[in-house]
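> Sequence:
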Amino acid sequence: DRPWLSVGAETISSTHSLFNLQSVALIVLLQPKSITKKLSMILPKAIAQAISAICVAILCSISTFSHAETMRVGYFITSPHVIIEPETNKLTGACVEFFEKYIAPEMGITVEWAAGASSIPRLLNQLENHTLDVGLVFAKNAERETILNYPQNPFLTSHTTLAFLKNHPINKIEKPEDIFGLIIGYGNKAHISPFMRNKKIIFDIVSSPDWMDVNLLKLLSGRNDAIFQPESSSLLYYIKKHKLEDRVKLISLPETVGLYTTFSKKADKSLTERYDRAFEKINGTELYLQILSKYIDINSLR
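Residue numbering for the sequence shown follows the working numbering, beginning at 246 and increasing consecutively.
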């Protein structure tokens, strides 16, 4: 049997398996030289120093975990980035996995998901009023920048895109005049890119949370001429979902848009910097494409 060591009010066994590491770590942190010296009386010096260092690391890890911030995260349905599975009502999607599994742990935060999906206008209002801290999948524009803090890094950058029936005569779009007179389906309060802001462009706005499905039905029935999306992955997802590869074509517009995870202006101002550090540490651009490849053919991204 090994002797027992008494340190202040704490008593610890020199037998490795009996150490209460959290208690020992606290003692080591408060009295590092004293503890290392006493451990060296019964253990080789190098092992004693290693045990001291490990205990301090454990305490720091425990402390960080116990004080992790909780962030209230809101979302709207925008597949494949945010999906609610109809059979189970489970929240999933590329952006959900990316933020919860990879970004949040690196930022030192825990995620509290909103109880359900919002519409875009409602989610913007919740972020403005700070009933939520984080909003997923927002493009950037001047109006939104008054209520949202954006990180430097978009998690995805893509060409803005229009979907047409394959028999439509348009095969290339270079200027807004190319689509004047067309009825173009889109979602309420969704981001309108600079190319699409010409007042002569006609939008058919749908307010339903499943506005992409509604607009696809309108396109297939001839009630719309096209569907607009600020990035192509959503259109690729829905075309695949409904097996419309032989009926619908995509045409890229001459501009790109970034998609961001955003933060309420009233939340901690350091969140965007912490997000960017986490994003760069995990090589977020490549990682997001890897996750996205579970849902679409990323080689078809425009």
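Hint data in this document are derived by calculation from the structure and do not stem from the laboratory.
One thing to keep in mind: the hints can contain errors.
[Said to hold, decoys possible] Restraint-style ranges between C-beta atoms, simulated for each label pair:
#1 Lys526 with Lys444: 37 to 45 Å
#2 Asp542 with Lys514: 36 to 44 Å
#3 Glu518 with Ile428: 42 to 50 Å
#4 Glu345 with Ser453: 39 to 47 Å
#5 Glu525 with Glu314: 18 to 26 Å
#6 Thr402 with Glu345: 34 to 42 Å
#7 Asn544 with Lys486: 25 to 33 Å
[To be verified] Listed below are the simulated SDA-like cross-link pairs for lysine to any residue, each with C-alpha atoms no more than 20 Å apart in a straight line:
#8 Lys411 with Asp470
#9 Lys385 with Lys434
#10 Lys463 with Ile446
#11 Lys488 with Lys385
#12 Lys411 with Ile328
#13 Lys411 with Ala512
#14 Lys420 with Lys463
#15 Lys539 with Leu462
#16 Lys494 with Gly467
#17 Lys486 with Glu351
#18 Lys411 with Lys385
#19 Lys385 with Pro499
#20 Lys445 with Asp470
The beta-carbon is built from N, C-alpha and C at its ideal position, and this holds for glycine as well.
> Give a verdict on every hint.
Against the structure, the hints:
1. A hinted range of 37 to 45 Å holds for the C-beta pair Lys526 and Lys444, which are about 44 Å apart.
2. The hinted window of 36 to 44 Å between Asp542 and Lys514 holds, with their beta carbons roughly 39 Å apart.
3. For Glu518 paired with Ile428, a C-beta distance near 43 Å keeps the hint of 42 to 50 Å intact.
4. The supplied range of 39 to 47 Å is broken by Glu345 and Ser453, whose beta-carbon atoms lie about 26 Å from each other.
5. The hinted window of 18 to 26 Å between Glu525 and Glu314 holds, with their beta carbons roughly 20 Å apart.
6. Range check, Thr402 to Glu345: Cβ separation about 22 Å, and the 34 to 42 Å hint is violated.
7. A beta carbon spacing of about 18 Å between Asn544 and Lys486 contradicts the range 25 to 33 Å that was offered as a hint.
8. As the CA atoms of Lys411 and Asp470 are separated by approximately 11 Å, the hinted pair is consistent with the 20 Å bound.
9. Of the pairs offered as hints, the one joining Lys385 and Lys434 holds, with about 13 Å between alpha carbons and a cut-off of 20 Å not exceeded.
10. Distance hint between Lys463 and Ile446 is fulfilled; the C-alpha atoms sit about 18 Å from each other, no more than 20 Å.
11. This hinted pair does not check out: Lys488 and Lys385 have alpha carbons roughly 31 Å apart, beyond 20 Å.
12. Taking the CA atoms of Lys411 and Ile328, the gap is near 27 Å; set against the 20 Å cutoff, the hint is violated.
13. Distance hint between Lys411 and Ala512 is unfulfilled; the C-alpha atoms sit about 46 Å from each other, more than 20 Å.
14. A C-alpha spacing of about 25 Å is found between Lys420 and Lys463, which places the hinted pair above 20 Å, so the restraint is violated.
15. This hinted pair does not check out: Lys539 and Leu462 have alpha carbons roughly 25 Å apart, beyond 20 Å.
16. A hinted pair counts as satisfied when its Cα atoms are at most 20 Å apart, and Lys494 with Gly467 qualifies at roughly 15 Å.
17. Proximity of Lys486 to Glu351 is assessed by CA-CA distance (about 33 Å); at most 20 Å being required, the pair is judged violated.
18. With a C-alpha separation of about 31 Å, the suggested pairing of Lys411 with Lys385 is violated against the 20 Å cut-off.
19. Note on Lys385 and Pro499: the hinted pairing holds, with a Cα-Cα distance of about 17 Å set against a maximum of 20 Å.
20. Restraint check for Lys445 and Asp470: satisfied, since their Cα atoms lie roughly 15 Å apart, inside the 20 Å limit.
In this structure, the earlier hints numbered 4, 6, 7, 11, 12, 13, 14, 15, 17 and 18 are contradicted, and the remaining ones agree with it.
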